[in-house]
Amino acid sequence: MKKYLLLFTALSLLFAFSLPAMADGHCMDELGCVEVGQDDPIVIGALLTVSGATSFYGEDSRGGIEIAIDARDGMLLGREIELVVEDSLCSAEGGQATAQRAAADESIVGLIGTTCSGAAQGAMPIISEAGMLMISPSNTSPRLTNDDVDAGGTYYPGYFRTAHNDLFQGSMGARFAIEVLGAETAATIHDGDPYTEGLAVVMADTFAEMGGDVVFQGAVAKGDTDMTAILTEIAASGPDVIYFPVFTPESEFIASQARNTPGLEDAQLMVSDGSFSSSFAGNVGSGAVGIHMTSPYVAGEEYDAFLMTWDDLIGGSPPSGFHAHAYDAVNMLMDAVEAVAEEADDGSLMIGRQALRDAVSAIENYAGLTGTLTCQDESPYRGDCATGSALAVYEITQAEVDGAWPPAVVWDMSMAMGMDEG
Amino acid sequence: MFRNKSGEFSWVDFTIDVLRVLIVLAVVVGAWNTLSSGRISLAQWVNLFAAGLSQGSIYALIALGYTLVYGILLMINFAHGEVFMAGAFSAFFLAEALNQTGFLNAQPILAILLLFMFAGLVSMTVAVLVERFAYRPLRGSPRLVPLITAIGASFFLQYTFRGLYGSHFKAYPQVQLLQGTLQLGDISIPVTQIFVFSSALVLMFGLHWLVERTRIGKAMRAVSENKEVARLMGIDIDWVILFTFGVGGFLAGSAGVINGLFRPQGVNFYMGFIPGIKAFTAAVLGGIGNIPGAMLGGLFLGVIEAIGPNLVLAGLGIPGANQLKDVIAFTMLVLVLIFRPQGILGERLSETKA
Chain A
251 MKKYLLLFTA LSLLFAFSLP AMADGHCMDE LGCVEVGQDD PIVIGALLTV SGATSFYGED
311 SRGGIEIAID ARDGMLLGRE IELVVEDSLC SAEGGQATAQ RAAADESIVG LIGTTCSGAA
371 QGAMPIISEA GMLMISPSNT SPRLTNDDVD AGGTYYPGYF RTAHNDLFQG SMGARFAIEV
431 LGAETAATIH DGDPYTEGLA VVMADTFAEM GGDVVFQGAV AKGDTDMTAI LTEIAASGPD
491 VIYFPVFTPE SEFIASQARN TPGLEDAQLM VSDGSFSSSF AGNVGSGAVG IHMTSPYVAG
551 EEYDAFLMTW DDLIGGSPPS GFHAHAYDAV NMLMDAVEAV AEEADDGSLM IGRQALRDAV
611 SAIENYAGLT GTLTCQDESP YRGDCATGSA LAVYEITQAE VDGAWPPAVV WDMSMAMGMD
671 EG
Chain B
1276 MFRNKSGEFS WVDFTIDVLR VLIVLAVVVG AWNTLSSGRI SLAQWVNLFA AGLSQGSIYA
1336 LIALGYTLVY GILLMINFAH GEVFMAGAFS AFFLAEALNQ TGFLNAQPIL AILLLFMFAG
1396 LVSMTVAVLV ERFAYRPLRG SPRLVPLITA IGASFFLQYT FRGLYGSHFK AYPQVQLLQG
1456 TLQLGDISIP VTQIFVFSSA LVLMFGLHWL VERTRIGKAM RAVSENKEVA RLMGIDIDWV
1516 ILFTFGVGGF LAGSAGVING LFRPQGVNFY MGFIPGIKAF TAAVLGGIGN IPGAMLGGLF
1576 LGVIEAIGPN LVLAGLGIPG ANQLKDVIAF TMLVLVLIFR PQGILGERLS ETKA
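Protein chains in written order, with the working numbering: chain A, 251 to 672; chain B, 1276 to 1629.
If you're looking for bench data, these hints aren't it; they were derived computationally from the structure.
Hints may be right or wrong, so weigh each one.
What the hints assert, rightly or not - Per the computed footprint, the stretches of chain A lying under chain B, defined by three or more beta-carbons under 8 Å from a beta-carbon of chain B, are:
| no. | region |
| --- | --- |
| 1 | 483–490 |
| 2 | 498–506 |
| 3 | 534–546 |
Unchecked claim - Label-pair distances were calculated between CB atoms; the ranges are:
| no. | chain 1 | residue 1 | chain 2 | residue 2 | range |
| --- | --- | --- | --- | --- | --- |
| 4 | B | 1295 | A | 647 | 54 to 60 Å |
| 5 | B | 1508 | A | 536 | 55 to 61 Å |
| 6 | A | 350 | B | 1296 | 47 to 53 Å |
| 7 | A | 563 | B | 1321 | 53 to 59 Å |
| 8 | B | 1455 | A | 648 | 18 to 24 Å |
| 9 | A | 332 | B | 1378 | 22 to 28 Å |
| 10 | A | 487 | B | 1455 | 24 to 30 Å |
| 11 | B | 1383 | A | 569 | 35 to 41 Å |
| 12 | A | 355 | B | 1431 | 39 to 45 Å |
| 13 | B | 1296 | A | 460 | 26 to 32 Å |
| 14 | A | 343 | B | 1473 | 26 to 32 Å |
| 15 | B | 1385 | A | 659 | 29 to 35 Å |
Values in this document were obtained by computation on a predicted structure and should not be read as measured data.
Every residue gets a Cβ at the ideal spot worked out from N, C-alpha and C, and that includes glycine.
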């Protein structure tokens, strides 16, 4: 037994020493290559939140990835695809730790992740340094695609995402409020979470830029149930529209109590994808009728087929709204691998890391589940592949209060574009 | 000032006195700025006050459970927030069923009474079981032991409910009878808030009567005074303690229903945590172990939370003042612990009780 172990060690040492030489012979890529031996699988890494309170987001993305791989029968370029999922939690530390593990693994061609924007901020410096690329299905923070450090940007080369930048959703909310609802004054509420705060700030900035008047910007705390105080303060400034992109159940408390606050009976209420859940309308009750929601908009026959596959493969329905983004992300990665991989004389594959980044970056008019994807290269959208076309505004009616879901789309960005020209 | 009891200068006393002056100054300046700006009208202040009283009466009902148990066992039952959750959560299902059949809006008063009884009984059962299986075996052990056990019991209850009913947020159905507002000149007060406050008052008077006028109440007071002597007088201490947990549980369960009718959303396994902590704060504010103290502490905390951010913090120019509501609640706790550790109504406790 010991003899074999010794032999094995010697062989692997020999192999390790011979690797750079072989790579020198074939790999011309400035960031180096991933070499996949003749019988080795192609390894795709995923840094997702699979434990803790927000684990359902990670499970949601993981399902999308698995379905995309399964659609190719688990094969790419005649090799098996191996998916390695690491738990990046929902924090910068979690992102950093898993990124270090991923960067140390030479066999990984590319990464899907992270779930949370905070984790991406911890992970990207390491991943970028290692020459790898990462495509996120659910990061939405504007910072991640902004390369202006003074403006708080934290862009690193190799970062891409199929999730919509908050700049799209926030500004879409503002445009809808002004162009459709005819609002002149607005109030925003966030809950201290960077995600909700970012959305509220973008909405307020766009609203002001478009000539509206932002009369109140405030915040509640997670776990609050009594919103009377903040609503009373908002009523004092009497806005036409209140935008509160917070999560449930805080958004439910705000919505139901706003209707009973003197002075806010006629205010328009708007929420974001943080409230886009099937129980929102029913929980708020009759006061929910007329609330507008901004949220990702994925529909069509292909999506219906995707949901059927989900039910077959995983069971039930996806727990959150980023599975289609994950599906597109991993497909983009696999297509890019197919495009840049070169077969060496010995039958192994050489995948240039820079070439792979360039291939993803060059993606244009890619027909994905989440709409048409085009990866951009200009700050503040560096690495943004979603163009905001997959976002829409929904309106809640009595049917949703009685249990129907999802509500009907009343407006989307194509209508905004139309209005621009007109 | 600046001197301790023996008349010497002490830095600790000095710091505390300076702190006292600073706090009074901050409150006065903040309130003056807000009131002189006239941003919020009198009618709106009344609304805030009314909402604060309603929220406060829920805190008070839960706080009574903490105080009753502390009065009798000198332990903080940190699982009490979960006892509240158990009642609120279970009554949600009954409310939902009554709503489906239409009974809820056809016979609202009867239905609400039914909800109170059901939630009260569920919470009572949970509280009694926790006492019987988690606390009684540890009676007489060092004080940290039941405290840690309470935290364990709290997690156990939370995750039992999560396991049984999932982690989704649910909401109580609307009761038509409680919709609408009562108009008094400029001031309009939601009917729900009047209902919340008055039903809490009824329950508190009920408790007062129980403790002061009945035999078992007398036994409770005796056990709280001195367990050993009470035992010698022929009082069944185990039964009295169990009964006390039951009464506290019933009040918490009723608070759960009141909370559900007042703030219908947010029903899930974790809903007891924050109200539990707030009610504990209220109990300490009023003077832990003191029944009128818990009532007063709860109402006081509710009102301060509702009015404080707009009155003081906004007046001081602090942005996002309403996000800091909890800061006000817990700052109150710290202040009480520094300046009046026995609470508003509490008497100075002897060494053995403190």
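Now for the hints, and whether the structure bears them out:
Counting residues of the region 483–490 of chain A whose beta carbon lies closer than 8 Å to any beta carbon of chain B gives 3, which meets the minimum of three for the stated coverage. Beta-carbon proximity to chain B at under 8 Å applies to 5 residues in the region 498–506 of chain A; the threshold of 3 is reached and the given coverage holds. Beta-carbon proximity to chain B at under 8 Å applies to 3 residues in the region 534–546 of chain A; the threshold of 3 is reached and the given coverage holds. For the hinted restraint 54 to 60 Å between residue 1295/B and residue 647/A, the CB-CB distance of approximately 56 Å keeps it satisfied.
Under the hint 55 to 61 Å, the C-beta atoms of residue 1508/B and residue 536/A, about 58 Å apart, fit the expected range. Between residue 350/A and residue 1296/B the C-beta distance comes to about 52 Å, which sits within the given range of 47 to 53 Å. As the Cβ distance of residue 563/A to residue 1321/B is approximately 58 Å, the hint placing it in 53 to 59 Å holds. Checked against the hint of 18 to 24 Å, the pair residue 1455/B and residue 648/A passes, with Cβ atoms roughly 20 Å apart.
Look at residue 332/A against residue 1378/B: about 58 Å separates their beta carbons, and that is not inside 22 to 28 Å. Hint check: residue 487/A to residue 1455/B, Cβ distance near 26 Å, so the stated range 24 to 30 Å holds. Separation of residue 1383/B from residue 569/A is about 36 Å and conforms to the stated range, judged on CB atoms against 35 to 41 Å. The given range of 39 to 45 Å is respected by residue 355/A and residue 1431/B, whose C-beta atoms sit roughly 40 Å from each other.
Distance hint check: the CB atoms of residue 1296/B and residue 460/A are about 48 Å apart, inconsistent with the given range 26 to 32 Å. At about 50 Å, the CB distance of residue 343/A to residue 1473/B disagrees with the hint of 26 to 32 Å. In this structure the hint that residue 1385/B and residue 659/A lie 29 to 35 Å apart at CB is violated, the actual value being about 43 Å.
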